[in-house]
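Visitor: Letter by letter, the chains look like this.
2 protein chains.
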Amino acid sequence: MQTVHDKGARREIKVVQRVLKVNERMAEENRRRFAEKGVFVVNVMSSPGSGKTATLQKTLARLMPEVRAAVIVGDVSTTHDADRLAVTGAPVVQVNTDAFGGDCHLAAHVIEKAADDLDLEAIELLIVENVGNLVCPAEFDIGEDARVVVLSVTEGEDKPVKYPTMFRTCDAAILNKIDLLPHLDYDKEQAVAYIRQVNPAMPVFEISARTGAGMDAWIGWLREKIKSKLKAKS
Amino acid sequence: MQTVHDKGARREIKVVQRVLKVNERMAEENRRRFAEKGVFVVNVMSSPGSGKTATLQKTLARLMPEVRAAVIVGDVSTTHDADRLAVTGAPVVQVNTDAFGGDCHLAAHVIEKAADDLDLEAIELLIVENVGNLVCPAEFDIGEDARVVVLSVTEGEDKPVKYPTMFRTCDAAILNKIDLLPHLDYDKEQAVAYIRQVNPAMPVFEISARTGAGMDAWIGWLREKIKSKLKAKS
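First to last, the sequence lines map onto chains S and G.
Quick note on the numbering used here: the first sequence kicks off at 1 and runs consecutively.
Quick note on the numbering used here: the second sequence kicks off at 1 and runs consecutively.
Note that these hints are calculated values from the structure, not bench results.
Mixed in with the good hints, there may be bad ones.
Derived Cβ-Cβ restraints for the label pairs, each shown as a range [as the list claims (entries may be wrong)]:
no.	chain 1	residue 1	chain 2	residue 2	range
1	S	Arg68	G	Gln17	38 to 48 Å
2	S	Thr79	G	Lys113	16 to 26 Å
3	G	Arg223	S	Arg32	52 to 62 Å
4	G	Lys113	S	Pro182	40 to 50 Å
5	S	Leu120	G	Gly89	31 to 41 Å
6	G	Lys188	S	Asp187	25 to 35 Å
7	S	Met64	G	Ala35	51 to 61 Å
8	S	Lys231	G	Arg84	41 to 51 Å
9	G	Gln17	S	Lys21	44 to 54 Å
10	G	Asp117	S	Lys231	56 to 66 Å
11	G	Glu29	S	Val87	47 to 57 Å
12	S	Asp117	G	Lys188	33 to 43 Å
List of simulated lysine-lysine pairs, DSSO-like, C-alpha gap at most 27 Å [as the list claims (entries may be wrong)]:
no.	chain 1	residue 1	chain 2	residue 2
13	S	Lys113	G	Lys14
14	S	Lys231	S	Lys21
15	S	Lys14	G	Lys227
16	S	Lys225	S	Lys14
17	G	Lys229	S	Lys14
18	G	Lys21	S	Lys21
19	G	Lys188	G	Lys113
20	G	Lys227	G	Lys37
21	G	Lys14	S	Lys21
22	S	Lys113	S	Lys225
23	S	Lys14	G	Lys21
24	S	Lys188	S	Lys113
25	S	Lys37	S	Lys188
Predicted model only: the values in this text are computed from it and were never measured.
Yeah, the Cβ is synthetic: ideal placement off N, Cα and C, and Gly gets one too.
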């Protein structure tokens, strides 16, 4: 009995490794394509309900006068987030993963297809709002230039150490909903210490997408990243 | 090129279906075993940071004088939740999925092994706190008697329609952190309407694990479920 399960588990791990290897190849193709077109790609990930969409709405409103941007939004179901982001005026492509088995993440081949629906020549920034999930999206490179994780202060302090792959592989963390801090038993220093434990050099931007607090530092960081890519191209 | 991806996607879906089929068989074995021992099993799922652990701490504190309970806790990494639950006095088995590839859910064969570490003769209730994730755990039957999803009011209203499989396959929903409602732009009626849209008959328990508000109805529901299973056995 034991042997059967172990065989099953080993087989599952081998298959997952093969899927990730294929994904890695596709991600490199995406990366070449985006570089060729001079598009900076940021992959934004988080738990469900951390405030990714609200953060990106505010981010686009701030950046769009100066940067031509588009968005790919991943959800298992619904077009709620795409609808909310479309009001910014940016072109938005919605991917619903329940069309292909309810995938818990966006894979590189999905991004490749979604990007076909965008005029890459016309944009400098592509924001990918991934499926709300701290586990699976962390494992799938989509050909992005930067990975950002959004963490809400209502989720407790210890998510970075409970989901280490996500925090280890990201380039920046956004700590959202800080307007709620007065109403929570939340130890912000502990949360930042947990982030540093997993990723010592990671910049952490404390923001409230609701009130707009703290957006300057985050926008400044993103703007610098985009600029250095565009400079590298020209 | 297109063909290659489609072949890859089809292959992936086929593999996932095979994994789920094997899991289904193992779940049925678990279900038989738990029935034989007269153990009621509840599978508790949610996003990261919804307050599962706090809810289960309060639940155990209330139920344990009358029901002998144990817990299996799933996390990608750390033993934080197990440590928090162990203070209730219940036996707790921690499963860290990063030991086998960082799985995003608990599978039936994992529960089978974890249950080996518990004295099933000595308990009537087994609570499984699943990995924080609204996608993958929904697909994996672990041999439970009831499935419960915890949703925090800080996560927004639309999670039921964005993660429909989770809400369709659960027997009850807990709407947690209602003590924060005065500080949020949250439309509770809309959230409940979304739940009903996916699962019209689902009971929804509004609670605050922090203040203890609303725990009576939830505990009452769980107590009835346990009782009817124990009655069926005797």
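Visitor: Look at each hint and say if it fits the structure.
Guide: Checked hints:
A hinted range of 38 to 48 Å holds for the C-beta pair Arg68(S) and Gln17(G), which are about 42 Å apart. In this structure, Thr79(S) and Lys113(G) break the distance hint of 16 to 26 Å, their C-beta atoms being roughly 41 Å apart. At roughly 60 Å, the beta carbons of Arg223(G) and Arg32(S) sit within the given window of 52 to 62 Å. For Lys113(G) and Pro182(S), the hinted distance range of 40 to 50 Å is satisfied, since their beta carbons lie about 44 Å from each other.
One distance hint, 31 to 41 Å for the beta-carbon pair Leu120(S) and Gly89(G), is violated here, with the actual separation near 59 Å. A beta carbon spacing of about 28 Å between Lys188(G) and Asp187(S) agrees with the range 25 to 35 Å that was offered as a hint. Between Met64(S) and Ala35(G) the CB atoms are about 59 Å apart, so this pair conforms to the stated range of 51 to 61 Å. At about 49 Å, the beta-carbon gap between Lys231(S) and Arg84(G) stays in the expected band of 41 to 51 Å.
Gln17(G) and Lys21(S) have their C-beta atoms about 21 Å apart, which leaves the hinted 44 to 54 Å range violated. The hinted range of 56 to 66 Å is satisfied by Asp117(G) and Lys231(S), whose Cβ atoms lie roughly 57 Å apart. At roughly 51 Å, the beta carbons of Glu29(G) and Val87(S) sit within the given window of 47 to 57 Å. With their beta carbons about 36 Å apart, Asp117(S) and Lys188(G) fall inside the hinted range of 33 to 43 Å.
Between Lys113(S) and Lys14(G), the direct Cα distance comes to roughly 21 Å. Compliance with the 27 Å bound is thereby established for this hinted pair. For the hint pairing Lys231(S) with Lys21(S), the CA-to-CA distance comes to about 31 Å; that exceeds 27 Å, so the pair is violated. For a cut-off of 27 Å, the pair hint linking Lys14(S) to Lys227(G) is broken: about 43 Å separates their Cα positions. Taking the CA atoms of Lys225(S) and Lys14(S), the gap is about 36 Å. The hint is violated against a cut of 27 Å.
For the given pair, Lys229(G) sits about 39 Å from Lys14(S) by alpha-carbon distance, which is inconsistent with the 27 Å threshold. A C-alpha spacing of about 25 Å is found between Lys21(G) and Lys21(S), which places the hinted pair at or below 27 Å, so the restraint holds. A hinted pair counts as satisfied when its Cα atoms are at most 27 Å apart, and Lys188(G) with Lys113(G) does not qualify at roughly 40 Å. Taking the CA atoms of Lys227(G) and Lys37(G), the gap is about 14 Å. The hint holds against a cut of 27 Å.
Note on Lys14(G) and Lys21(S): the hinted pairing holds, with a Cα-Cα distance of about 18 Å set against a maximum of 27 Å. Proximity of Lys113(S) to Lys225(S) is assessed by CA-CA distance (about 25 Å); at most 27 Å being required, the pair is judged to hold. Distance restraint check for Lys14(S) and Lys21(G): the Cα-Cα separation of roughly 18 Å lies within the 27 Å cut-off, and the hinted pair is therefore satisfied. Note on Lys188(S) and Lys113(S): the hinted pairing is violated, with a Cα-Cα distance of about 40 Å set against a maximum of 27 Å.
A threshold of 27 Å between alpha carbons decides the hint, and for Lys37(S) with Lys188(S) the separation of about 40 Å lies outside it, so the pair is violated.
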